[in-house]
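Q: Listed below, chain by chain, are the residues.
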Amino acid sequence: MNARKFQFGAILVMASVMGCSESNTVTLPTATSPNLTDSARIRSGFEVGVPTDNASAASIASPTGFATLRGSFKLEGDPPAPVMLTVDKDTNVCAPGGKPVFDQDFVFDATNQGIANVVIYVEKCPEEWVHESAKPGDESEVIFDQKECIFLTRMVAMQTSQKLRAGNSDPVGHNLKVASFNQTIPSGGFAIYQPLKEMRAPEEMACSIHPWMKAWMFTRDNGYFAVSKPDGSFELPNLPAGVKLDFRVWQERSKAVTGATVNGVEEKWSKGRMSRTLEPDQDLNLGNIVLNSSLFN
Amino acid sequence: MRILNGYLVLLIAAPLALVGCDAPQAQFSENLIFMKLQEEQNESFSTPQQQAIADSLQAMFGTPDEPFFVPVEGLSDLLEVRHLGQAAGPVSSDEYGNGQGLFRQHCVHCHGVTGNGRGPTAAFLNPYPRDFSMGKFKFTSTPVGVKPTTEDLRRILMNGVAGTSMPSFALLSEGEIEALIDYVKYLSVRGEVERELMIQSNDFDFQTEDGATDEEGVASFTASDFLVGEVLTDVVDSWLMAESMATSVPERPGKFDRFSESFDAAELVASVDRGRKLYFSNEAQCVKCHGPSQLGDGQTNDYDDWTKEFFDWKQSDNESFAPMMKAYLALGGLKPRNILPRNLRKGVYRGGRRPVDLYWRIHNGIDGSGMPESNKVALNEDDLWDLVNYVLELPYEDASRPGNELRVNTKEVR
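In the order they appear, the protein sequences are chains U and E.
Residue numbering for the first sequence follows the working numbering, beginning at 8 and increasing consecutively.
Residue numbering for the second sequence follows the working numbering, beginning at 144 and increasing consecutively.
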């Protein structure tokens, strides 16, 4: 009798010590308490309303001309395996003949290793520096369409002053949900999306009726952005020269592209940030910007 | 035996004596779920980074007991600071009998001290209480992506939200309602600023290469120019803009209004018929989500924006799903639920049952949900009124009232 009690007790103790947790590979952030002294100091900065040192702004150099940056994003290694999408609505239109539909989150050309839909843009650029051709205020329309329940342009980059004319070439209705916009688009109809403000990073476009549909929208005030073509190439003309420019590189699978090999030299791009200073009238061709496949897994 | 009893009593009594009876001071809880989301997309937050964010929030907004709002331009149009004092803090009353601590008395148990919709009762409610920190509100007169107007918030407080656990607070005095509206705005601004700070903190350097704190980076982050001039002003401006962006609704034609002199029953019937056709039409596509029988069963696997933000819930066969789901729940997230399109046959409309409320829902869509705005090219205001009339008639169709059919076979019992 006593032996059995002991065994039972031992099992209880062991179970309580081991617990029920599986190995949790995700670390969790822990809460922080504000430091009252530091907060009080920060608040005193608001109340006085002291404008910060404007002298520092004067010491920043001005651009001495304009230059062009170009290059091609290439993949090193194997592309990620394509993910099959669950098409469970309007299957006669969206998956005709029962064909499988794959996600286009990594568009890759095996003949030249080119990666499409990589966005490169200038992070911060004072308006005085911007060339005429890239100044905010372009009001041309960007055409966007969808067919067989796929958005035909995966990565749409445009200025905030432009409008997106979203059409629907499917026999079924869709709706377009992006940032602060969500409007139905009847079959054969269209909707106009006018962005409210600049985005810091591309945001998803979706359809509520067909939730597997995805595309990306990126709006900027000025015109210093480019989306790589199917062979990975891009061109950014008329950039301010003579000043250090911070470019951000983004791809939908990796989000920020955190490093690449440019002309054989490995570069680390913290948070996707690449810096270059261009000479006036220079046409800087970075050549093959090789991105390792580990970024996209 | 007696000694054992004595020790037992001590074992039980000691912790109680140590804990004491004082309630701990209320503190805002950090949005760790959003922080986790940022860490997944970028890098882990360093300690100075997290500390700088917490300090900045404390400086800009104070505590649940002592709120503060930076005197930005346009503040008086957004809210009255004395209302914050009235709504914040522990429940009490001043010498005139005016209630203090209104938010804690009426709202905290569902919406939480931080206004993040995760109060003590939240997990037991369906639908969950609103999380103010995203700055999105569903039932507004403004288009998707725009903040609600003060009137919208007042309407929710006065009417409650039918079909949910949000009650009406019409019994509170007008001053108390105003105070609560302003406090909700305060919490929402604070929540949005916290998220913005977390996003934008990725662009600052808080630590040098060798792990020491980068004082310059911290200083530039906590500078008034950035915190107030950029982040806070953006959020406050979005609220101020909303006041002028309420969708103006054309007057409902008198021929549809039963209480109007120009009411025409035949016109109403014709309008309802047109509305029914529009419901199934390509232009309006209501049937896609609300279903062929208007029961809201056309699309039942979507999630609302508050749930979808964290990650793609539909990818449950993805390897990273299970640990992320555990992380989400461990950080206080509520179990995700699908957002269901409204069952139109019940006659319960969350955002209000007046014709103008329904017009707003169809014209603007519902922010945070999958309900899109009507296509502006294909449908005009007459079409929208036809749809509104159809929706208002739906609960009275025979199909919506099966009880009527049964009465023939049952004996009336008095």
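Just so you know, these hints were derived from the structure itself, not from any lab.
Hints are not guaranteed to be accurate.
List of simulated lysine-lysine pairs, DSBU-like, C-alpha gap at most 35 Å [claimed, not checked]: (1) Lys106/U x Lys519/E; (2) Lys170/U x Lys398/E; (3) Lys420/E x Lys154/U; (4) Lys204/U x Lys451/E; (5) Lys131/U x Lys451/E; (6) Lys451/E x Lys275/U; (7) Lys469/E x Lys262/U; (8) Lys106/U x Lys420/E; (9) Lys278/U x Lys262/U; (10) Lys251/U x Lys96/U; (11) Lys478/E x Lys204/U; (12) Lys469/E x Lys96/U; (13) Lys519/E x Lys221/U; (14) Lys251/U x Lys262/U; (15) Lys170/U x Lys278/U; (16) Lys154/U x Lys236/U; (17) Lys106/U x Lys489/E; (18) Lys262/U x Lys489/E; (19) Lys489/E x Lys278/U; (20) Lys420/E x Lys96/U; (21) Lys12/U x Lys131/U; (22) Lys142/U x Lys478/E; (23) Lys204/U x Lys131/U; (24) Lys170/U x Lys469/E; (25) Lys106/U x Lys142/U; (26) Lys96/U x Lys142/U; (27) Lys131/U x Lys96/U; (28) Lys398/E x Lys154/U; (29) Lys221/U x Lys469/E; (30) Lys170/U x Lys478/E; (31) Lys204/U x Lys106/U; (32) Lys398/E x Lys96/U; (33) Lys469/E x Lys278/U; (34) Lys451/E x Lys106/U; (35) Lys478/E x Lys221/U; (36) Lys251/U x Lys170/U.
Q: What are the numbers of the hints the structure violates, in ascending order?
A: 2, 10, 17, 18, 19, 21, 22, 24, 25, 26, 27, 28, 30, 31, 32
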